Amino acid sequence: MLSRSAWGLFWMFRYLERAENTARMLDAGFRMALTRGLSAASEEWRSVLITLGLEESFAATGLEHTGHIITNFVLRSPENADSVLAMMENARTNARMVRTAITREVWEATNESWMILKEVLARPVREADLGEALDTIRRQTMLVRGAMEGTMLRNDIYNFAYMGTHIERADNTARILDVKYHVLLPSLAWVGSRLDNAQWEMVLRSVSGERAFRWMNAGALDPKGIAEFLILDGRFPRSLAFCYDKLASNMASLAYGYGEAAPSHELLRQANARLQQTGIAQIFEFGLHEFITQFINTNRQIADAIAADYRFTE
Amino acid sequence: MTTTTFSHYDEMIDGQGQVRPAYAGYREWYDAQDPRWMVKQGKQAESFFRRTGITFNVYGEDAGQERLIPFDMVPRIVTANEWKKLSIGIEQRVRAINAFLHDLYHKREIVKAGKFPERLLKGNEAFLPQMVGFTPPGEVYTHIVGIDLVRTGPDEFMVLEDNARTPSGVSYMLENRETMMAMFPELFTKVQVQPVSDYPRALARSLAACAPPAANGHRPTVAVLTPGIYNSAYFEHAFLADQMGAELVEGGDLRVVDGRVCMRTTRGWQAIDVLYRRVDDNFLDPLTFNPSSVLGIPGIMDVYRAGGITIANAPGTGIADDKAIYSFMPEIVEFYTGEKPILKNVPTWRCAEADSLAYVLDHLPELVVKEVHGSGGYGMLIGPTSSKAEIAAFEKKLRARPENYIAQPTLSLSTVPIFTKAGLAPRHVDLRPFVLVSPNGINITPGGLTRVALKKGSLVVNSSQGGGTKDSWVLAE
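Going line by line, the protein sequences match chains W and C. For the first sequence, this note's numbering gives the first residue as 263, with consecutive numbering after it. For the second sequence, this note's numbering gives the first residue as 458, with consecutive numbering after it.
Everything labelled a hint here was simulated from the structure, so no lab data went into it. Predicted, not measured: the structure shown is a model, and the values here were computed from it. Treat each hint with caution, since some may be false.
[Claimed, not checked] Reference listing, derived: stretches of chain W covered by chain C, where coverage requires no fewer than 3 residues with Cβ under 8 Å from a Cβ of chain C:
1. 347 to 360
2. 477 to 491
3. 562 to 576
Beta carbons: idealized from backbone N, C-alpha and C, even for Gly.
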């Protein structure tokens, strides 16, 4: 296939995944605000901005750190080049570019999602409508993935799309964990407090993992357990282990189809092996933040290697 | 001739108020439908077009602004018999155009015979000196042609324009039919219509049949070259590539490698045999033409001349659809086919000629004056609907550069019904059938793109000027 198409697909699905995860983060922040009162929640809102990498561009606007202002900045502000609206627009532009590589269903789901979200985000979203708006974002992006699952041939096109999905998702989960560890908690003395627990719940909620975790742990909330769940539990579709497992299978399928592996495959193999050989105790010993930082860097290297191996750009 | 919206030929109803045979089946079905349901279906069609993204970009409007071409759900219908006659005329004309192009770039016998003035080639940007003496693979110059026809009477179709360089609109022909079949499936069981859905396969076959020597008998690799997603016809480019199973490429994807034009794939550079390009000549090769173009492929013309690739349509083809040359088409057809033209031209005054100019200046309020190189309804004067001030302003431009203009009488174009809230109402139309040319022959898809004026009495059907489209039916025999 054309390199530009592979590139377009890879990024189309990264944008969709990022839009979905951004909605999840906002949802978690919104919950916190509801349970803790608007002013007390401003730290949590700040952490949302940090997770999304938007703290600086938000600060540049000089706006107040209120939930309403932050959510609208994240969702739709023209001053925010990484708003959900901009991501959906990018996803759709990429879909247009790769129109000949995707089925009619995938194209229509993407195009319709964009039209719906453009409408939903045409005006500032009021707090009363926020939950609905966030649901719409998640539902629409899932619709595209569903169309993908149900209609696409399992060939290189499919693999490039899912490589983008899993690279992006791994990055997002890692960032969410990192923020919890470094920003949310004012000091170590708070570990195990009610505030700490509430924040961990928010982390779980932002990856839609709260129910699965409760099932497995009889309702208990334990930081180490949650970190282990999000990093190493290969059954949970947003864990780092799951993302890398799937990434490995997407790339293996690609290598099989092409009859050859490229340097990015070796990079992933090493990273995946490290992840599989590491226990949660080791991670905490090494330092969760240090571990996450390393993971995010390696993840970026793998993405760059994929781009180079398959000649995404010249 | 003056403009008349009252004495035109109505394609559905004859002078006695009777429904003509072409529309008999449709009209019977239509009269049995609930008008409110029809209104609802019309709205559905619009959301269908939006969702599938059948939009076009309008230059000069907000960046990225996409618009729908209004779709009218009443088909334009011609009988098998009418179509047969039309097809013969189209085929004759397209053969002549192709022979004319070959001759212009080789011996110029038509010039030597005194039937065509050589001065029209001098300084004409559409004529490419780089093509002189070169013969494209399969001797085909214009692989895809769209002939714009207007109807003025029962047996009178006239050619308004030959689109021989990069005719667009075929995706609308196909999608309009899809939409009609989705909205009114039972209608198609009542009225037998010849299918158009074979077009993309026919296009792929026709292009493959023009493979260059370098393809060496292998199954040719075909690609569609688009300027990119912001081009007004991008949807069509993607659509055709998709339907043909060809790659949709941009200039940035292509490079000359080892004497072949190759596309950058995830597995390395892969040679292309036939390039269906939808960028203009001038942007095709920055080494040969416009050096600032980023849409093209440096060196493609050298590969082309060495037999390494087929470019469709061939560079330099545009000289055949230049409006100044249009007026010579009757002579051209006769010269190369030895027959009288079956399809007439609209009578045309060439303002470059003093007598004609004098006549045109005297009769501006009755005439349509067009720029020789203009397209899409821009830069023209429609005398009968223009104000005195507009005519005066245009007269100045005309006097300053008469060779830049041609003039035609305003014809009484035929009308077909469109659907309005008040029921069916007649509007003026034209028709663009699509023609494929290969060494194996000429293939004309039964149907085409009907463009329709949406305003009562208006003669302007261009989508860029607010016209719409409708499905075009050729009835089965």
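8 Å C-beta criterion, at least three residues: is the stretch 477 to 491 of chain W covered by chain C: violated (count 0)
Annotated coverage of the stretch 562 to 576 of chain W by chain C, confirmed only when three residues or more have a Cβ within 8 Å: holds (count 3)
Verdict on chain C covering the stretch 347 to 360 of chain W, criterion of 3 CB contacts below 8 Å: Holds, because 3 residues of the stretch 347 to 360 of chain W bring their Cβ atoms closer than 8 Å to Cβ atoms of chain C.
Comparing the model with each numbered hint stated earlier shows that hint 2 is the single one that does not hold.
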